[in-house]
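Residue strings, one per chain:
2 protein chains.
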Amino acid sequence: MTAADDHHVVIVGAGFGGLEAARNLAGAPVRITMIDQRNHHLFQPLLYQVATASLPTSEIAWPIRFLLRGYKNVTTLLGAVTGVDRANKQVLLEGEGPIGFDTLILATGARHAYFGHDEWEPYAPGVKTLEDATRIRRRILSAFEQAEWETNPARRAEWLTFVIIGAGPTGVELAGTIAELAHDTLRGDFRNVDTRSARVILVEAGPRILAGFTEDLSSYAERALERLGVEVRLGQPVSDCRADGIMLGEEFLPARTTLWAAGVAASPAAEWLEAPSDRAGRVRVEPDLTAPGRPDIFVIGDTAFVAGTDGKPVPGVAPAAKQQGLYVAGLIKARLQGKPAPPPFAYRNAGNLATIGKRAAIVDFGWIKLRGRLAWWIWGIAHIFFLIGLRNRLAVALNWLWIYVSGHRSARLITQRDPGSGSASR
Amino acid sequence: MTAADDHHVVIVGAGFGGLEAARNLAGAPVRITMIDQRNHHLFQPLLYQVATASLPTSEIAWPIRFLLRGYKNVTTLLGAVTGVDRANKQVLLEGEGPIGFDTLILATGARHAYFGHDEWEPYAPGVKTLEDATRIRRRILSAFEQAEWETNPARRAEWLTFVIIGAGPTGVELAGTIAELAHDTLRGDFRNVDTRSARVILVEAGPRILAGFTEDLSSYAERALERLGVEVRLGQPVSDCRADGIMLGEEFLPARTTLWAAGVAASPAAEWLEAPSDRAGRVRVEPDLTAPGRPDIFVIGDTAFVAGTDGKPVPGVAPAAKQQGLYVAGLIKARLQGKPAPPPFAYRNAGNLATIGKRAAIVDFGWIKLRGRLAWWIWGIAHIFFLIGLRNRLAVALNWLWIYVSGHRSARLITQRDPGSGSASR
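First to last, the protein sequences are chains A and B. Following this note's numbering, the numbering of the first sequence begins with 4 at its first residue and continues without gaps. Following this note's numbering, the numbering of the second sequence begins with 4 at its first residue and continues without gaps.
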C-alpha cells in the first residue's frame, strides 16, 4: 500500500457527473466513497416517460452499487449529506458520523424551483425524481378517472384540462406525451367521457418554445405540438397556481392538473461551502471546476455554474455533467502523479435533441439540423444507446416499439396514494 | 332496448373472480358496472417477485379499464365501496352517490390478517397489494444498506437477518427468493458486509411447510429451501413481533426485517351484508354462491366460504375465483333467458404449484406429482401463460430469463419512503 492508496476521494451524488467521475477514478490509486441519498442512479432525460405511463420506473433507474460493483476501490453508501466541514475536511451526514476526505466532488444535482412561489408546489408538481414521476402519473391518470365520475360538464372539462408550465425540452415532452395519452392511448377505455376532448395547454413566459434551439426548429416543434392537439400559449407568465387552475396574468384558466417544468435550483452545495452562487443557487466554480479557494473541492453538473469557452454558461444537461466528471477524474489523477494541471474545462456541445410525441423530434448537431421522423429515430437511438446496461436498452426498446406499433402504454398504474390528497387520488 | 338490456349487474372488485364474471357476462343483454378501489388488476401469484426485486410493478398489473375496453356494455369506475343498502338494492360509495343494482357480485378479495394482533403489522408487513410489495422491497434492500453502515457486529447481524412468518406458498416463495437475493444477486455489491452471511429464517407454527401438499413434496421443498440457505423452524408459533425481532415461544430471535405470510382475512363484505361468516370473515354462501336469502347477491373468490363437492372448503386461489366468476356469469345468463338454474358450484382442482427459488418447484396435478427443475419450468410456463396480455408475457419471460442466466435483478429500487420510518428507509 503506497501513500497514494490512502488518498480518499468522496463523491456526493451518483448522477451522470458523479458516476462518470467514480468510473474514471476507479483505476487510480485512491479509495473512493460514493454517497447518495437514493439507492439508484436515474436516467433523468427519460423521466417524463415514467410520468406519462410510457415506461415503468425500473427501466430508467439502476442500483448505484450495482453499477459500481466491479470497481473494488469504490464503496457505495446510502446516506443524506447535510453539510461540509471544510476546516476538518469532512462530509456531515444525517444520522451517521462524519466522513473525512482528501478530495471532495460535489455532484448533488438540482431540484425544480418556483422562484419565490414555493406555495405553488402542491398544485404544480415538477418532475425530478422517480417519486415525482409516479406522483405525476397518478395525478394524470386519476384526473381521467374523476372525469368519468363527473356529471357536471364544466367540472368534467376541468378534470380533462392539463396545463404544463414551461416550454423547455421537459415541458414540450410532457405536453406531447399527455396529448398522445389522451387522444390516442386512452381513447375507448372510458364510457362517460371522450378523452379526445381533453385539452393540453403548454404555457411559456418567453416568446417561443425550446428557446435553446434555433428559431426555425422551435417553430417546427410548435407546429408539431399543435398537430398533436396541444395548445401553445406564448409570452404569458403565470401569476398564480391553485388546485382548480392557474392565473395567466389577469386570465383564469380552469384546470385540475398542472405540471411544473419552468425552472430548477441547485441543491444546497453553495450553502455548505459558503461559496458564491448564481440566481439558481449554482456554485460559481473556477475554470478547473474547483470551489473558490478550495483546490480539494470540486463542484460539477447541475450544481455548478461555469462559463464555456464561448462565454455562454455550460448548460445543465447530462453530457455536460459527464464531461465534467471525466475532467475532474483526469485532473485528480494528474495531481496524484505529480503531472502539470490540465487546461481549464471546455464543454463540447455534441448536439441538442428534443422530442415531440412519438413521431417527431428536432436535432441540432451544429453542422446539421434535422426535424421530423428521422430526427425522432435519431433521438430514440441516442437515448437507448446512452441507457446503462444491455437489459435496460432492450427493455426500453421493446416498450417503445410496443407503444409505437400498438399505441398501448403498459405502465398505467395508479400507485402510492398521497395520504393528504383526498378523493382526487382515491 | 329490451327490458333485459336494463338489467344492471354491479361487480365490486376486479380480481380474478370479478374480471372473469365481467368477461363472461359481456355478451349478455345486461349493463355491467365494474367498481374497484384501484385502477389495476393485480396478478397476485407473482406479487412476491415484486417484493423481492425480481419483477417491476408494471409487469404484473394492468389497468382494469384497459382489460375491459372491448366490452362495450361494461363501465369501469374507480371508487371505494363502503357498504350495501340491501333494502334499496344499492351499493354505497365513498365520496360519490350510491349506485343501484339488479344483481350484485361481491368479489372484494382478502387482506393479510394478524388474528387479534394488529399491532404486529408495522413490524411484520404482509404482501397483498402493489404498495405492500414496493414497501417490502424497500425494507429488504434498505436492510442491506443499513448493514453496510453498521460497525457493531451484533447489530449488523440483526440487519442481515430476515424472518418470514408462515410457510404456505407465499412464505416459501419469499424465503427462497430473499435467500437468492442475499447469497447470489447482491454478492459483490457491498464492501463492508458479506451478503452471503445473511440469515433467512422461515417460521411455521404447524408441523411442516406447504401443508396443502403431500408430505413427500413438502419435505422435498424443505430440503430445497435448506439448500438455498434458508433455516426452517417448524412447530414454533410466534408470540410477539417487534421492531428488533420476534418471540418464538420464550425464545427471542433478533431480526430487523420480518415479513408476514401467515394468514388472510376476507374484506368486510360479510359486514355489509350482515351475513354469517367463518373465522376468516368469509361469507358462508349457498351452493350457488348467493348470499343467504339473497338470490340477487353473489359473493365469490377469497370473500366467500363454500364447501367443495368433497366436503373440503374451496381454497382461496386464483383458479377457484375464476371458476366462480364463470359459474356466476352462467347462472345470471340462465336466469335472464328463463332457463333452469345450473347445478351447484363444483370446484375442479386443476393442480397445485409452489416454487422454491429459481431452480426448484413442486407440482401436484393429482394424477402426477413432480418436483425439481422440470417442475420449475412447468411452474414458470403456467404462470407466463396465465399472465394477461402478450406484452407482459414477453416482458416477464425476458426478465426471468435474464435473472436465470445472469443472476441480476433489475427491479432493485428503493422508492416511496415511509414518512414515519426514520433512518431505516432513508
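Bear in mind the hints are in silico, worked out from the structure with no lab data behind them. Worth double-checking, as some hints may not be accurate.
For identical chains, the list gives no copy identity; a pair is met inside one copy or between any two copies.
Straight-line C-alpha distance at most 16 Å; calculated EDC-like pairs for lysine to aspartate or glutamate [what the hints assert, rightly or not]:
1. LYS75 - GLU122
2. LYS75 - ASP192
3. LYS92 - ASP187
4. LYS315 - GLU153
5. LYS372 - GLU229
6. LYS361 - GLU97
7. LYS372 - GLU234
8. LYS315 - ASP281
9. LYS131 - ASP299
10. LYS342 - ASP247
11. LYS131 - ASP219
12. LYS75 - ASP9
13. LYS131 - GLU274
14. LYS315 - GLU254
15. LYS336 - ASP367
Against the structure, the hints come out as follows:
1. LYS75 - GLU122: Neither: 45 Å inside a copy, 43 Å across copies.
2. LYS75 - ASP192: between (51 Å within a copy, 9 Å between copies)
3. LYS92 - ASP187: Answer is neither; intra-copy 56 Å and inter-copy 37 Å both fail.
4. LYS315 - GLU153: Intra 50 Å, inter 46 Å, cutoff 16 Å: neither.
5. LYS372 - GLU229: neither (21 Å within a copy, 62 Å between copies)
6. LYS361 - GLU97: neither (43 Å within a copy, 38 Å between copies)
7. LYS372 - GLU234: neither (25 Å within a copy, 63 Å between copies)
8. LYS315 - ASP281: within (14 Å within a copy, 73 Å between copies)
9. LYS131 - ASP299: neither (29 Å within a copy, 50 Å between copies)
10. LYS342 - ASP247: neither (61 Å within a copy, 53 Å between copies)
11. LYS131 - ASP219: The answer is neither: 29 Å in one copy and 53 Å across copies each exceed 16 Å.
12. LYS75 - ASP9: within (14 Å within a copy, 70 Å between copies)
13. LYS131 - GLU274: Answer is neither: 21 Å inside a copy and 44 Å across each miss the 16 Å cutoff.
14. LYS315 - GLU254: neither (36 Å within a copy, 68 Å between copies)
15. LYS336 - ASP367: So LYS336 and ASP367 fail the 16 Å test inside a copy (34 Å) and across (62 Å) alike.
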